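S.K.: Kindly produce the complete structure, drawing on both the sequences and the hints.
Residues per chain, in single letters:
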Amino acid sequence: EAGVTQFPSHSVIEKGQTVTLRCDPISGHDNLYWYRRVMGKEIKFLLHFVKESKQDESGMPNNRFLAERTGGTYSTLKVQPAELEDSGVYFCASSQADRGEQYFGPGTRLTVT
Amino acid sequence: GQQLNQSPQSMFIQEGEDVSMNCTSSSIFNTWLWYKQDPGEGPVLLIALYKAGELTSNGRLTAQFGITRKDSFLNISASIPSDVGIYFCAGHLVFGNEKLTFGTGTRLTIIP
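Going down the list, the sequences are from chains A and B. Note that my numbering has the first sequence beginning at 1, numbered continuously upward. Note that my numbering has the second sequence beginning at 114, numbered continuously upward.
Hints listed in this document are in silico derivations from the structure and should not be mistaken for laboratory results. Quick caveat: nothing in here was measured; it's all calculated off a predicted structure. All C-beta atoms, glycine included, are put in the ideal place defined by N, C-alpha and C. Among these hints, one or two may not hold up.
In silico DSSO-like cross-links for lysine-lysine, where the CA-CA straight-line distance does not exceed 30 Å [said to hold, decoys possible]:
#, chain 1, residue 1, chain 2, residue 2
1, B, K164, A, K41
2, A, K78, A, K54
3, B, K212, A, K54
4, A, K78, B, K164
5, A, K15, B, K164
6, A, K44, B, K164
7, A, K51, B, K212
8, A, K78, B, K212
Footprint (simulated), chain B over chain A, 3 or more residues, beta carbon under 8 Å [to be verified]:
#, segment
9, 15-23
10, 45-59
M.R.: Laid out in structure tokens, this is it:
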């Protein structure tokens with residue numbers, strides 16, 4: 001069974017540019033999550049989808065971040081315009097309905113210069 | 114603010130030694146999960162705990178859900194080189210809310 005995949009693995013952009021990250025969850029997992037780890041800090045929750053609906057977006061930093069999950073399959077996270085403090089590793093995770101175990105993708109390392 | 118205190122921050126051990134790390138919180142957790150992250154990879158789930166007092170093993174790894182529901186520990190017995198990495202505890206603070214709260218991680222290094 002394929003795990004969670006993320007694209008790209010790395011992205012380097014300039015301040016003010018736009019970046020879109022993609023996550024493909026494990027097939028059949030209704031729950032999809034985005035997390036972020038900035039340098040030296042703990043991994044922090046951004047938001048949670050159940051199928052195509054946003055269940056909890058309390059961790060989204062501000063309105064420069066937009067997450068979508070059209071059709072309830074893959075998800076995208078767009079940062080527009082990017083700021084220096086957005087640099088970090090963005091992880092996607094997925095889980096089956098009513099199961100606590102979340103399975104993480106390899107992450108996208110975003111560097112804003 | 115930070116709700117999960119993970120210790121130690123780093124460990125330097127020799128191959129074959131046992132390892133112990135823990136997470137504590139002032140808040141009650143409904144689940145505890147332990148993850149390991151290798152460089153360039155995402156966190157990999159090691160053990161999931163769902164009940165206070167639960168003790169679960171996965172090979173050389175053993176983890177327990179503290180009886181107060183405010184702490185958990187992870188032990189690794191007879192460490193081997195592939196155990197090197199960063200270990201994270203994580204948990205669900207609120208029943209029914211799926212977001213995970215993470216500890217700051219324990220970096221394990223094995224000295225040759």
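S.K.: Does K41 of chain A sit within 30 Å of K164 of chain B, going by the straight-line distance between their CA atoms?
M.R.: holds (28 Å)
S.K.: For a C-alpha distance cap of 30 Å, please report whether K44 of chain A and K164 of chain B respect it.
M.R.: holds (24 Å)
S.K.: Assess, step by step, whether the Cα of K212 of chain B is no farther than 30 Å from the Cα of K54 of chain A, and give holds or violated.
M.R.: The hint holds at about 12 Å.
S.K.: Please check whether the segment 45-59 of chain A has three or more residues whose CB lies within less than 8 Å of a CB on chain B.
M.R.: Check passed, 6 qualifying residues.
S.K.: Between the segment 15-23 of chain A and chain B, are there enough contacts, at least three residues with CB-CB distance under 8 Å, for the coverage claim to hold?
M.R.: Three-residue rule not met by the segment 15-23 of chain A, so violated; n is 0.
S.K.: Are the Cα atoms of K51 of chain A and K212 of chain B separated by 30 Å or less?
M.R.: The given pair, whose Cα atoms are some 15 Å apart, holds under the 30 Å limit.
S.K.: CA of K78 of chain A to CA of K212 of chain B, is that 30 Å or under?
M.R.: Measuring from Cα to Cα gives roughly 20 Å; hence the hint holds.
S.K.: Are the Cα positions of K15 of chain A and K164 of chain B separated by 30 Å at most?
M.R.: Not satisfied, since the Cα-Cα distance of roughly 46 Å exceeds 30 Å.
S.K.: Taking 30 Å as the top limit, are the C-alpha atoms of K78 of chain A and K54 of chain A close enough?
M.R.: Cα-Cα ~15 Å, so holds.
S.K.: Starting from K78 of chain A, check that the Cα of K164 of chain B is at most 30 Å away, please.
M.R.: violated (38 Å)
In this structure, the hints that do not hold are numbers 4, 5, 9, in rising order.
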